[in-house]
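> Start from chain A and add chain B according to the hints.
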Amino acid sequence: MTTAQDQTPTTAATGGCPVAHHGYEPFQQNDPFPAYRSLRAEEPVMYDERIGYWVVTRYEDVKAVFGDWETFSSENAQAPVRERGPEAKRIMEEGGFTAYSGLSARVPPEHTRIRGIVQKAFTPRRYKALEPFIRDNVARLLERMLEREDRTGDLVRDLAYDVPTITILTLFGEDIDQIDTFKRWSDSRGAMTWGDLSDEEQIPHAHNLVEYWQKCLGMVEKAHREGGDHLVADLVKAQEAGAEITDHEIASVCYSLLFAGHETTTTLISNTLRMLLSHPGQWRKLQEEPKKIPGAVEEVLRTSPSIVAWRRKALREAEVGGVTIPEGGQLLLVMGSANRDEAVFENGEEFDIDRPNSREHLAFGYGIHYCLGNMLAKLQTRITVEETLRIAPHLRLSDPDAITFGENLSFRAPVAVPVIWES
Amino acid sequence: MPTVTFTDAQGGQRTVEAAAGDSVMETAVRNGVPGIVAECGGSLSCATCHVFVAEDDLETLPPMEEMEDEMLYGTSEDRRDNSRLSCQLKLAEGADLHVTTPETQV
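So the protein sequences, as listed, match chains A and B.
Last residue of the first sequence: 423 in the UniProt record's numbering, with the numbers rising by one and none dropped.
Last residue of the second sequence: 106 in the UniProt record's numbering, with the numbers rising by one and none dropped.
Since the hints were derived computationally from the structure, they do not count as laboratory data.
Hints may contain errors.
As the list claims (entries may be wrong) - Computed cross-link-like contacts, BS3-like style, restricted to lysine-lysine with a CA-CA straight-line distance of at most 30 Å:
(1) A:Lys128 / A:Lys237
(2) A:Lys237 / A:Lys89
(3) A:Lys89 / B:Lys90
(4) A:Lys120 / A:Lys285
(5) A:Lys183 / A:Lys128
(6) A:Lys128 / B:Lys90
Said to hold, decoys possible - Where chain B lies over chain A, by a calculated footprint (3+ residues, C-beta under 8 Å):
(7) 362 to 376
(8) 404 to 415
Heads up, the beta-carbon is just placed ideally off N, CA and C, and yes, glycines get one too.
Same shape as in the complex, but just chain A (with noise of 0.2 Å):
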C-alpha cells in the first residue's frame, strides 16, 4: 500500500496529459501517492479547477511557502472547501455559531499575540506530568482489547479513538465519559471544513458545530466563575493577570485543541502501529531496539501524515516553483506528497525506521504555524508503540489491503485497523 507504481514521466510536448490531473483525486485518501508522485515529476504546482485551489507537491515549494507567511497568508486554513448550504448557513447563525479559528487560520499580530499565551499554557512541562496517567491508559486498553475472545480487534476503535481523547479532555479540565461527544462534534468539524458535503448532507453536522461552540463558550464561562487546575482554567487566570486575550478567544482555542488535540493524534495512533505492523521486520527491530521508536515515528509523520495537504492564500501575485500565482489565488500545499520527494528523501516512497533524515518531514507543517501539540502528539504515539510491544508484541494486521481511508481533502484517517493474534 505503501509503494508506489513505477510511473514515467509524461512529456509536456504535446500539452496533453494522459490522466487527467494525474490521477489527483482531491477527496480520495486510500492510495494518493501515485497520484502524488506523478504531480511532482509532471505539474508540481497545479491548478485544481475542481476545488479552485494550486496544488503544490514538490518538498521545497511546500516548505517555501509555509515559509513565508507575509505572502502566503493562512486566513483560509478553516475555510470551508465547499461553501456551506443555504440551511446548514440558518442553524448556525441561529445557533449563535461565531468560532472560525483559534490559531492555525489567524495571521499576525493576532496571531502572534495569542499563539504567545496559548503556548505557554500548553508546554511540555504540563502534559510530560501525564506520561504515566497516558501509559495506564494505553495498557487498559491494549488488555481490554485482549480479552476478547474471538481474538480480533480494532486498532482504531479498541485503542487510538480513546487514548489522546482521554489526554485532551484531561488537560481542559473536562469529564472523560464525553469522548464519544468531543469525537462526534469533531467528525463534523471535518466534514463541514474539509469534507466534500451536499448542502442536505451538513444539516447533521450543522447542528453538532452549534452545539460544539456552546459547549467551548460554557467551558470559558466555567472557568471564569470556578477556575482550576486545567487549560481554560490557565487562560483565564492569564487574562485576568492582564494577558491579552478575549473570552471569544479563549472560546476559539477550545474550538480548535479539543479537535486538533484527539483527531490527528486518533489517526497517528493508528497510521503508527498499521505501518509497523505491515513491516515485521522493522516491528521486531524495535522491540530490540526500542531507541528507535522515536525515530520510527518520524518516518510514520512523513510516509503517512495525518494531514496531508494544507491551505494558504497568496496575498499578492507571487511565484512558487516557477508558476505565477496571482494575488488572491488559493494554494493546497500536499505535505503527504512533499515528504516523499526524493530531491530530500532517498527512495522516498519506502518505509524505513531508520531513515536518517524522516525529521525533515513537514507533517506538522513548518513557521510561525508549526502544530503546537507535535511535541504531546508524538510522546502519546511513542508510549502506544512501547506499551504494544511489551504487551501485544504478536499483533498481527488481518488484511492491511482492505484498510480504507474517509473521503477529505486534508485528512487521511484510517477507518479501521483489524488485528488478530493468537492466544
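Chain B alone, transformed into the frame defined by chain A:
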C-alpha cells in the same frame, strides 16, 4: 563576523562563520550542521535545536525567557544547567560561541 563552534556528541568539531543578528539555529541549518534539527523553524514549538553551551560562554548570552525554559522540558536528551534552545540565541557582532549538540534531538 561572529563564529560558532559546534561539537557533536562524539567530540567532532566544526567552526562556522555567522551573520550578526542570526540565531545559532539559523547558522547551523544554513551550514548543514547535523546535530541541529529545528523542525519548527524557530517558533519555539519543537525543542529540536537543543544545545549545551560552553560554561564560559553562558553569561554572554541573552537571558532565557519563560517560554524557552518551558520548552526545554521537552528536549529529547534531558536538559542540563547549560541547556539552551539555539533558535533563541541571536549572535552579536564579534561573538565567538561554543556549543555541544546532544546525541539526539528526537
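> Would you mind marking each hint as holding or not holding in the structure?
So, going through the hints one by one against the coordinates:
1. Proposed proximity of lysine 128 of chain A and lysine 237 of chain A is supported: the alpha carbons are some 22 Å apart, at most 30 Å.
2. With a CA separation close to 34 Å, the supplied pair lysine 237 of chain A and lysine 89 of chain A exceeds the 30 Å bound.
3. With a C-alpha separation of about 49 Å, the suggested pair lysine 89 of chain A and lysine 90 of chain B falls outside the 30 Å cut-off, and the hint is violated.
4. As the CA atoms of lysine 120 of chain A and lysine 285 of chain A are separated by approximately 37 Å, the hinted pair breaks the 30 Å bound.
5. Proposed proximity of lysine 183 of chain A and lysine 128 of chain A is supported: the alpha carbons are some 24 Å apart, at most 30 Å.
6. Between the alpha carbons of lysine 128 of chain A and lysine 90 of chain B the distance comes to roughly 28 Å, so the proposed pair stays at or under 30 Å and holds.
7. With a cut-off of 8 Å between beta carbons, the segment 362 to 376 of chain A has 10 residues touching chain B; three or more are needed, and the interface restraint holds.
8. For the segment 404 to 415 of chain A, the assignment as covered by chain B is violated, since 0 residues bring a beta-carbon within under 8 Å of that chain's beta-carbons and 3 are needed.
Violated hints for the displayed structure, listed by number in ascending order: 2, 3, 4, 8.
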